[in-house]
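Two chains, two frames, a set of hints: combine them into the complex.
Those protein sequence lines, which keep their order, are chains A and B.
Using this note's numbering, read the first sequence as starting at 1 and increasing by one per residue.
Using this note's numbering, read the second sequence as starting at 1 and increasing by one per residue.
Careful: at least some of the hints might be erroneous.
Said to hold, decoys possible - In silico lysine to any residue, SDA-like type, Cα no more than 25 Å apart, as pairs:
| no. | chain 1 | residue 1 | chain 2 | residue 2 |
| --- | --- | --- | --- | --- |
| 1 | B | Lys203 | A | Pro267 |
| 2 | B | Lys95 | A | Ser332 |
| 3 | A | Lys31 | A | Asn91 |
| 4 | A | Lys31 | B | Val92 |
| 5 | B | Lys95 | B | Gln115 |
| 6 | B | Lys95 | A | Arg328 |
| 7 | B | Lys287 | A | Glu327 |
| 8 | B | Lys287 | B | Asn107 |
| 9 | B | Lys95 | A | Asp330 |
| 10 | A | Lys31 | A | Asn230 |
| 11 | B | Lys95 | A | Thr4 |
| 12 | A | Lys31 | B | Thr89 |
| 13 | A | Lys31 | A | Phe11 |
| 14 | B | Lys95 | A | Thr331 |
| 15 | B | Lys259 | A | Asn230 |
No wet-lab data here; the hints were simulated from the structure.
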Amino acid sequence: MTFTRRDSGTFTSAASAAFQDVVLPGGEPDKFVLRNRTAWGDDAAETSVESFRWRGMAEEAFQSIDQTVTTGAMSTEAGTTNGFRFIDQANPPTFAALATTAITNANPAVCTMAATGAIQVGSVVRLDNTTAQLQTSGYDIEVTAVTTNVDVTLNLDAQNFAAAATAGNVRLIIPPHFYPRFRYIMPVGGAVGITQATNAVVSMTVAHDFSLGEKVSFRVRPQYGMQQINEVVGTVLATSAYTITTDIDSTGFDAFLPPLSADYLNPGVSNPIVLPAGAGIDSTTQNEPFVPLTAAYDNLSRFIMRCGTNVVTSTSAVYDWEAYYSERHDTSDL
Amino acid sequence: MPSVNVGTLPPQVQQRYNSKILSTPERNTIHNLFSTPVRIEDMQGNIDRQSRYEALDRFPVPVDNTQTNPPSQLLNRVDIDCRVRNYSTYIVITKDVLLTNEDPILNSAAARLGQATRETEDILQRDNLESSAALVNCVAGGNGDLPTQISVDDTDDIVALLQDNDGDFITNMIEATDKIGTSSIGDSYAAMCTTRMIPSLNKMDDFIRKFRYPNVKDTLTSEWGGINNIRFFVSSQGSVTPNASLLGNDVANIFITAKEGYKVATRDSGDGRYIYLPPGYNNDPCKLRATVATNFYQGQCIDQDLWVQKLRATGLRAI
Chain A
1 MTFTRRDSGT
11 FTSAASAAFQ
21 DVVLPGGEPD
31 KFVLRNRTAW
41 GDDAAETSVE
51 SFRWRGMAEE
61 AFQSIDQTVT
71 TGAMSTEAGT
81 TNGFRFIDQA
91 NPPTFAALAT
101 TAITNANPAV
111 CTMAATGAIQ
121 VGSVVRLDNT
131 TAQLQTSGYD
141 IEVTAVTTNV
151 DVTLNLDAQN
161 FAAAATAGNV
171 RLIIPPHFYP
181 RFRYIMPVGG
191 AVGITQATNA
201 VVSMTVAHDF
211 SLGEKVSFRV
221 RPQYGMQQIN
231 EVVGTVLATS
241 AYTITTDIDS
251 TGFDAFLPPL
261 SADYLNPGVS
271 NPIVLPAGAG
281 IDSTTQNEPF
291 VPLTAAYDNL
301 SRFIMRCGTN
311 VVTSTSAVYD
321 WEAYYSERHD
331 TSDL
Chain B
1 MPSVNVGTLP
11 PQVQQRYNSK
21 ILSTPERNTI
31 HNLFSTPVRI
41 EDMQGNIDRQ
51 SRYEALDRFP
61 VPVDNTQTNP
71 PSQLLNRVDI
81 DCRVRNYSTY
91 IVITKDVLLT
101 NEDPILNSAA
111 ARLGQATRET
121 EDILQRDNLE
131 SSAALVNCVA
141 GGNGDLPTQI
151 SVDDTDDIVA
161 LLQDNDGDFI
171 TNMIEATDKI
181 GTSSIGDSYA
191 AMCTTRMIPS
201 LNKMDDFIRK
211 FRYPNVKDTL
221 TSEWGGINNI
231 RFFVSSQGSV
241 TPNASLLGND
251 VANIFITAKE
261 GYKVATRDSG
271 DGRYIYLPPG
281 YNNDPCKLRA
291 TVATNFYQGQ
301 CIDQDLWVQK
311 LRATGLRAI
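Pulled out of the complex, with its shape left as it was, chain B reads as follows (with noise of 0.2 Å):
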């Protein structure tokens, strides 16, 4: 018998439009966390120029009975350069569009671009560090690679380096308290690295998760946990080399550093900005399209290559 049922409506009936927008994957933004900032005042220039000093010679001969001057030291100073550049993105969205569409599509368009410059800034510094950090290699993980997979030994290797560097430690004790299941965390370095490297950090003997701190209120959402004195931040935007390893497989660089040891340069009005233009500019003049922008300026280096460096390692998630 003859029936109306919903197979028979059109689509556009059986279908309804919800305007609770989904979800967009946003990555962590990690490499900035442990950068000096700096800022460039508007019209100084584009080149950010810092000097060390560098420590003088130790004097242990004494002053001789005649009370002869001693020899001079030279007083040595090293300038640590940094280029702050312009980076822009935009999207063009007509008229048409913004009459037509049910949600409102500038406000999301301003939610991308505002995680598309946040994540741009991450990798810029990510990029720098791959680029110009010193480079060791994990080599006590056993899995027949160089670089080996991470292992303790290794990360504690990494923490003697940067003690026989005198590099300062970031981030401070976390004293141990009564709760069930919680280990202290030592003075620690921070460390940057990619999510696929969270299987290897789990597998390291005495890594401690975050759940397992004692205390989380000065922690942030991508910290994955420590061990002895360095403590783990990861992102999906982390850096790997692919096919760099002996046998061909990805490696993992994982930025260690101590307190100063690399920056990231602003300029003063170069700040990350949402910039619209309504339809009738840009060579428009039926006024049909409409742009959303953004802009921002950044600089990035190594003030210190001893205390910043780069453990490289295999045994990666497989993606």
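Bound-form chain A, shown alone (with noise of 0.2 Å):
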């Protein structure tokens, strides 16, 4: 055994830009490919139509080959930002803060940033030290836009909250992959975090893993208004990404709003969060109800490599990637 190919896959990228994991059980690659199979040699230019990652390169960093216009010429390109990233999802990497000088109340939020670092659409952030605008400190939230070294876009509706925030940090987290996990409930894209309806809506900053026929519960304390549902037991009946769909009616509760940005410190709130609390029947998918095993509590940690959206530069396209290990990995040189 000296250079094997152990693993190798395919994937077709997503609709709009957004970075994509490739699951590798052995671990860190001694070399890592990715080739756009949709470009190749269509005659059309192509940033990144292949892409490298060696052992011993920088988290980011990559070495591509792009494609110009029909005349079959091809050139290199190295860069730093964006390209490929291995995480160990039981032990993710931590990063620096970033600073925003700005997060509007709006739906959707956006942080203005002088540096967008490695944020890239579809990353998780928390957010602190947000500054009249404390609603959101602490909380995990998904990215859905970037302009590099503007702006970033978050997955909050933040119109209620009375004011923009002057100043704050900006930090990409890895999440762990523990299954399912609590998530914080927060207004998103017009849903303002639990609705009152005959089957309540909750609504999260980051996609969830609940599914159909799970049991969920809640921890709203009565500082966000909706009190009433407080350790209530709901199935879910409905999912999208970031909302589940109850069989709690909450037409009589308070309204759920987060309360204002000076109660966060004084008196201090707990988060309201929605949270498993065991499987339930799932009665949609089938004639005989039965108890999905979709809600069992499991670790989906894995080892991945997050190939970034300057590697995975096409949307809808198909790629193919190769993971190769070597016997014996030599620096001496260096």
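Listed below in structure tokens is the structure:
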């Protein structure tokens, strides 16, 4: 065994620009290759039609081959951001805080940032010290758009917050992958957090793990209004990426509304969350109701190679990837 | 005048190898201490399902004079599923090393694999609790952050919450004695936290360090002390969420559990084991490499979300 192609695979990139995670059971490879099968040889200009990562390169770095129009000529490129990052999800890396000078109180909220670092569309960020908008401090929120070194758009509806933030920090995080995971309840995309409805709809700022039929429980302190739902157990009737529809009738409950910014420090509050409370009957997919196994507590941590938006440059394109492992990696001549 | 002194001796002569191996730091394993153990028989699947029948409504309305039957009730059942996974790691040691090294390196490899196994079992439970337990922020510490540092008001709030949820205590009262400086310990829930919390624990009013218990014969090395109805167990691999406070400070996740709040599931043939393969296995025709490995099966889950609370606090020792 000298140099082995141990893992390989194919994926189709997302319909809009986003990173792609590739699972590598064998851990960090010595060489990783990513090739755009759709664009290869199609006589169209393509950045990073083939990209490489070698052991020892800095995280986020990549080397790639660009394709030019019609001539078939290729050129080489080296990049330092949004390339490849190897991640052990059970022991994820931590990142430095990046300053924001403003976070709008709009839908969606937008953070003005002179440096966006390694934040990409789909990243999860954690906010802190959000002056005048402490409703967002300490929360994990997905990123829906990035203008490099200008701003990032958050999966957060901040229009009911009294003020925009005038300063703060945005920090990239890699969330743990134990399943099912609790989620913070926050207004997202016009949804208020928890709706007052016959079937209450709960919105979250990070994509959730909950499945049809699963039992969920709530922790909502009085400062958030809808205290009647605290410790109530409901059943998930429908899901979308950031919402669940439950069988809880919340029409008579108080409205869900995050408190004023100042209340977060005095007297202080506990974040509203929805958390797993057991498996339940899913009667939507079979004639005979059954209790699916999808709500089983599980450890979904993996070794992954995150292929960033500077190497996954085409949307809805087929990419092939290969991971190579060498018996010996000699760095004695470096 | 030239002389023969120790400085002229070759380094190999100056060195003597002491075969007494130095200690390796080993972390306290605390997170499975209070779990309910269950085992899955071999060839019986890999997901353990346990069920709970929900309490019925109380029925304080009397049967009327016509003796009409009152409405019936549904007996609801909730299933809790827990998937057991397989965990492994190994070391490759060349025969050359086995023949050359002065100390019995396989013994050390076995010890370190055993330690890694136990510590991994522990952090699997820790990460499960971090992921799925209900959270309560400390708010009474007054350090200007959210959560604040821990205070007796926060621990009392958790005790009241667990009592409200009818959670049973895990340990019984340690009765007072006439030993000077000791204080009785009430029936208690168990708290598991990082050693970085020790200064904050010690600062709490009325916190009783373990050495002030009336009787320490039923305590563990990892126990630090108690306050009112909570006893604290600490580990250097206790749960910390980095930069998660309102001011961007690290947040300690203190898991406080009542009896039967969570469980650990294993397999009948899946306990941690040491696997030694001498040179000659694994595509090793020249018998150059031995392997030592460990392997175990474990699953973990919260059985009753009302009985496991994640109290979050700042004020951790800086690192």
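Results for each hint:
In summary, the hint linking lysine 203 (chain B) to proline 267 (chain A) is supported, as the alpha carbons are separated by about 21 Å, within the 25 Å threshold. At roughly 23 Å between alpha-carbon atoms, lysine 95 (chain B) and serine 332 (chain A) fall within 25 Å of each other, so this suggested pair holds. For the suggested pair lysine 31 (chain A) and asparagine 91 (chain A), the alpha carbons sit about 22 Å apart, so the restraint of at most 25 Å is met. Taking the CA atoms of lysine 31 (chain A) and valine 92 (chain B), the gap is near 22 Å; set against the 25 Å cutoff, the hint holds.
Between the alpha carbons of lysine 95 (chain B) and glutamine 115 (chain B) the distance comes to roughly 24 Å, so the proposed pair stays at or under 25 Å and holds. Of the pairs offered as hints, the one joining lysine 95 (chain B) and arginine 328 (chain A) holds, with about 17 Å between alpha carbons and a cut-off of 25 Å not exceeded. Proximity of lysine 287 (chain B) to glutamate 327 (chain A) is assessed by CA-CA distance (about 17 Å); at most 25 Å being required, the pair is judged to hold. Only pairs whose Cα atoms come within 25 Å are accepted, and lysine 287 (chain B) paired with asparagine 107 (chain B) is accepted, the gap being roughly 20 Å.
For the given pair, lysine 95 (chain B) sits about 21 Å from aspartate 330 (chain A) by alpha-carbon distance, which is consistent with the 25 Å threshold. Restraint check: the Cα-Cα separation between lysine 31 (chain A) and asparagine 230 (chain A) comes to about 50 Å, which exceeds 25 Å; the hinted pair is violated. As the CA atoms of lysine 95 (chain B) and threonine 4 (chain A) are separated by approximately 24 Å, the hinted pair is consistent with the 25 Å bound. A threshold of 25 Å between alpha carbons decides the hint, and for lysine 31 (chain A) with threonine 89 (chain B) the separation of about 22 Å falls inside it, so the pair holds.
Restraint check for lysine 31 (chain A) and phenylalanine 11 (chain A): the C-alpha separation of about 18 Å stays at or below 25 Å, so the hint holds. Between lysine 95 (chain B) and threonine 331 (chain A), the direct Cα distance comes to roughly 24 Å. Compliance with the 25 Å bound is thereby established for this hinted pair. The hinted pair formed by lysine 259 (chain B) and asparagine 230 (chain A) meets the criterion: a straight-line CA distance of about 22 Å does not exceed 25 Å.
Violated hint for the displayed structure: number 10, the only one.
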